[in-house]
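K.L.:
Chain by chain, the residues:
Protein chains: 2
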Amino acid sequence: MHDMVRPAEEAAQLLEQYCDRLPEMLDWLSQFGKDPEGGVTRLLYSDAWLEAQQALRQWMEQEGLEADFDQTGNLAGRLQGTDPSLPPVAAGSHIDTVVNGGRFDGALGVVAAALTLSYLHTAYGPPKRTLLALSLCEEEGSRFPVTYWGSGSIAGLRSWESDGHHADKDGVTLLEAAKRCGFGPDCLYRAPSLEPHAYVELHIEQGFVLERTGLQAGIVSAIVGQHRYEIQLQGEANHAGTTPMRWRKDTLAAAGQMIALTREAALREGDPLVATVGSLHASPGVSNVVAGGVTFTLDIRHPHDAVLQKFADELLQCFAQIADTEGVRFTAVERLRAAAVPMHDRIVRELEHICGERGLASNVMPSGAGHDAQMLSAICPTGMIFVPSRHGISHNPAEYTEPEALKNGFKILSDILYQFGYGSVDL
Amino acid sequence: MHDMVRPAEEAAQLLEQYCDRLPEMLDWLSQFGKDPEGGVTRLLYSDAWLEAQQALRQWMEQEGLEADFDQTGNLAGRLQGTDPSLPPVAAGSHIDTVVNGGRFDGALGVVAAALTLSYLHTAYGPPKRTLLALSLCEEEGSRFPVTYWGSGSIAGLRSWESDGHHADKDGVTLLEAAKRCGFGPDCLYRAPSLEPHAYVELHIEQGFVLERTGLQAGIVSAIVGQHRYEIQLQGEANHAGTTPMRWRKDTLAAAGQMIALTREAALREGDPLVATVGSLHASPGVSNVVAGGVTFTLDIRHPHDAVLQKFADELLQCFAQIADTEGVRFTAVERLRAAAVPMHDRIVRELEHICGERGLASNVMPSGAGHDAQMLSAICPTGMIFVPSRHGISHNPAEYTEPEALKNGFKILSDILYQFGYGSVDL
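Order-wise, the sequence lines are chains A and B.
FYI, the numbering for the first sequence is 1 to 427, going by the working numbering.
FYI, the numbering for the second sequence is 1 to 427, going by the working numbering.
Any given hint might turn out to be false.
[To be verified] Stretch-level coverage of chain A by chain B, calculated; a stretch enters the list once three of its residues show a Cβ under 8 Å from a Cβ in chain B: (1) 207 to 220; (2) 236 to 248; (3) 257 to 267.
[What the hints assert, rightly or not] Residues of chain B clear of chain A, computed beta-carbon distances all greater than 10 Å: (4) K34; (5) G156; (6) D170; (7) E195; (8) D271; (9) L316; (10) R335.
[As the list claims (entries may be wrong)] Reference listing, derived: stretches of chain B covered by chain A, where coverage requires no fewer than 3 residues with Cβ under 8 Å from a Cβ of chain A: (11) 71 to 79; (12) 290 to 297.
In case anyone wonders, no lab produced these hints; they're calculated from the structure.
Idealized CB from N, CA, C, for every residue including glycine.
Starting from the given sequences, assemble the full structure and let the hints guide the process.
P.N.:
Right, here's the structure in full:
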């Protein structure tokens, strides 16, 4: 499978050395934005964010990559290929975090990509096809009400015109904040566009399926489609003592039935469908008054849009019936609709093959969370590799993945980048 | 039935004249504490409250009653009886309101009581038994976290020692506020104790049963017993996208089932049982996280404590089963327990008789809300008369009762007070 520039044993030893560097590099990166509460907070265009990107750039250069920024602050480390006619393959993830987040979400993909390129260069010399390690500037939407700002800008799905005006909680706009860091549409860095041949992202699972099923890696089949609704119910806020049960228009009683049905219907539909009511507000919200108004959120996800649509339609129809029976008015407002994004079939099969070759227990599984790969799918084939998250914890200082699992991910990533860069894989 | 001091026709005409004064006296009283939003706000020991009590005292004196305060600020207008050996019978209600409340809640009973005594005196001269019109200082708990301060003090269920330290939202204690109005345990007014032979209260229904069933008056059988619980559920706040349904510990899904069951079980039990979940809080309360914690309130009421207890026990047992099935931890904290308070059977029958004689469509019904009568039941027989509330609205500027209904209530009240004061009713 591999064109051997170095003897296999030597390359394997080198790989282990690079693997061993991964946990310490993640620790190093976590210093930027270390939160007093024990986690990491690196919000887009904050000081900690800028320091991290600048430190990563310096490190990439030390590792032999040509590193530069684009106008949004995305950082790309380039391992120049010998054949300039071949479009580059990129790997990476996002450098920003949620408030008081963990050390692995996004960071793993960024560090692993740069380290992988360094390893491949050291082991095999320059690739035929240019390889890029991306530290994408923003994904979480944790400072401004914009998500996937980095990957979205590259994919042409975000722009200064449409998103630059969004403000953070202090009223600073995304555009202003970018400028203060030396970025923006008028700075001298290149525009964010890229035309990759493919994009591969190594990420922590942020769920506990791999852990519960005893697997070492997940190969993502698709990023699920998602519908999010706000359900609004209007009834009558009557006295809880003096209003007989049969004459009530109780929105909390109606909501209770709808929420119970949501779980029941999702269980009946079965994996991989998930449906969640995570948030509810009742009005007036006092113990001795029948709830005259309720709003709650409904979040439904599935890797196949048709299945998702059918489930959502049927569930909302049942909601309407419940509302009718309870004498309350019912409105479902669609707040978010994201189409499912399948990963490239050839990449999925290649990853399966790699895991098989390496003896790693793996499975193909959907990603229930959104990732940069879903933006970049708009412009190139994509693939994702998951490594286990302890107890599924993420967006939290307790976020954790074993060093052994980190290394497994590193090896899978380097194998597939080898195939793209030095081997025969062409999509 | 009546001992005629005046010819029947003349007394009847006089009654009509007094009846006609009732709506205008209610309007007059509503000026004290008139809220810019259109309702009435008279909080205990506020300026509006003090002005109202002082104005009422003056009016009572004008109507020929001897009026004085007790140490808590309860106002009593006395129509002295000719036989001092007979303990007095009292009628009245509370003078305070909720914030931005209506013109009738409490006010009706106060004004009607004073007006009734004035009518009886004018029509029939002094009674044998002393009659008292009470303007009780506080019932709603709308300023301090103390309810029934007026009637509770008279009944020995409230005291300066146990309740005087309670503070309002500005940190002023009940004792301090009382003193600023010239009341308190050291002032020269008499102590709040009374030893009535009976107490009768005219009040608006604050529900819409009378309106829906086309009745003109309600005769209260009992004030319902009440249990209030805070239900606390603990689960796991997992990612809504990456956590399969069967591995969740979803407290909102569990709560939904419990709330749906509450309504179902209450409907199955039937009138007059009411059970309400009015308030719910989910944590973290965001659309893309499974709710790891939920608390909600459960308010159950019934006129018979044994029925109430059995229903509550069985419902909470079902809740425990649901929690177990959903893998969440469940705690029920009892926040309030009030025993049912039956009205005096003889008073109920007398009121039924009166309504029959007057050709008023009436029914015996429980009171789903608490009233001063339930406190005073601790020291004497009590009875309550309800008149219809338009659409059941209360605690709101839109609170309304037709003048005709107000007059019906006035007539029933004066008939029963006649019986106690001038007639042969002895309990």
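K.L.:
Take the segment 207 to 220 of chain A, compare each residue's beta carbon with every beta carbon of chain B, and decide whether three or more fall closer than 8 Å.
P.N.:
holds (count 4)
K.L.:
Are all C-beta atoms of chain A more than 10 Å from that of G156(B)?
P.N.:
25 Å, holds
K.L.:
Would you check chain A against the segment 290 to 297 of chain B, counting CB to CB pairs closer than 8 Å, and say if three or more residues qualify?
P.N.:
holds (count 3)
K.L.:
According to a criterion of three or more residues whose C-beta lies within less than 8 Å of a C-beta of chain B, is the segment 257 to 267 of chain A covered?
P.N.:
Holds, because 8 residues of the segment 257 to 267 of chain A bring their Cβ atoms closer than 8 Å to Cβ atoms of chain B.
K.L.:
Are three or more residues of the segment 236 to 248 of chain A within 8 Å, CB to CB, of chain B?
P.N.:
holds (count 10)
K.L.:
Please confirm whether K34(B) is truly not at the interface, meaning its C-beta sits more than 10 Å away from all C-beta atoms of chain A.
P.N.:
23 Å, holds
K.L.:
Far enough from chain A: is every CB of that chain over 10 Å from the CB of D170(B)?
P.N.:
21 Å, holds
K.L.:
Please confirm whether R335(B) is truly not at the interface, meaning its C-beta sits more than 10 Å away from all C-beta atoms of chain A.
P.N.:
8 Å, violated
K.L.:
Are three or more residues of the segment 71 to 79 of chain B within 8 Å, CB to CB, of chain A?
P.N.:
violated (count 0)
K.L.:
Are all C-beta atoms of chain A more than 10 Å from that of L316(B)?
P.N.:
Answer for L316(B): holds, closest chain A Cβ roughly 16 Å.
K.L.:
With d taken as the least Cβ-Cβ distance between E195(B) and chain A, does d exceed 10 Å?
P.N.:
For E195(B), whose nearest Cβ neighbour in chain A is about 30 Å away, the distance exceeds 10 Å, so it holds.
K.L.:
Was D271(B) rightly flagged as not at the interface, with every chain A Cβ beyond 10 Å?
P.N.:
Non-interface label fails for D271(B): nearest chain A Cβ at 6 Å, not farther than 10 Å.
In summary, the structure is inconsistent with hints 8, 10, 11 from the numbered list given earlier, while agreeing with the others.
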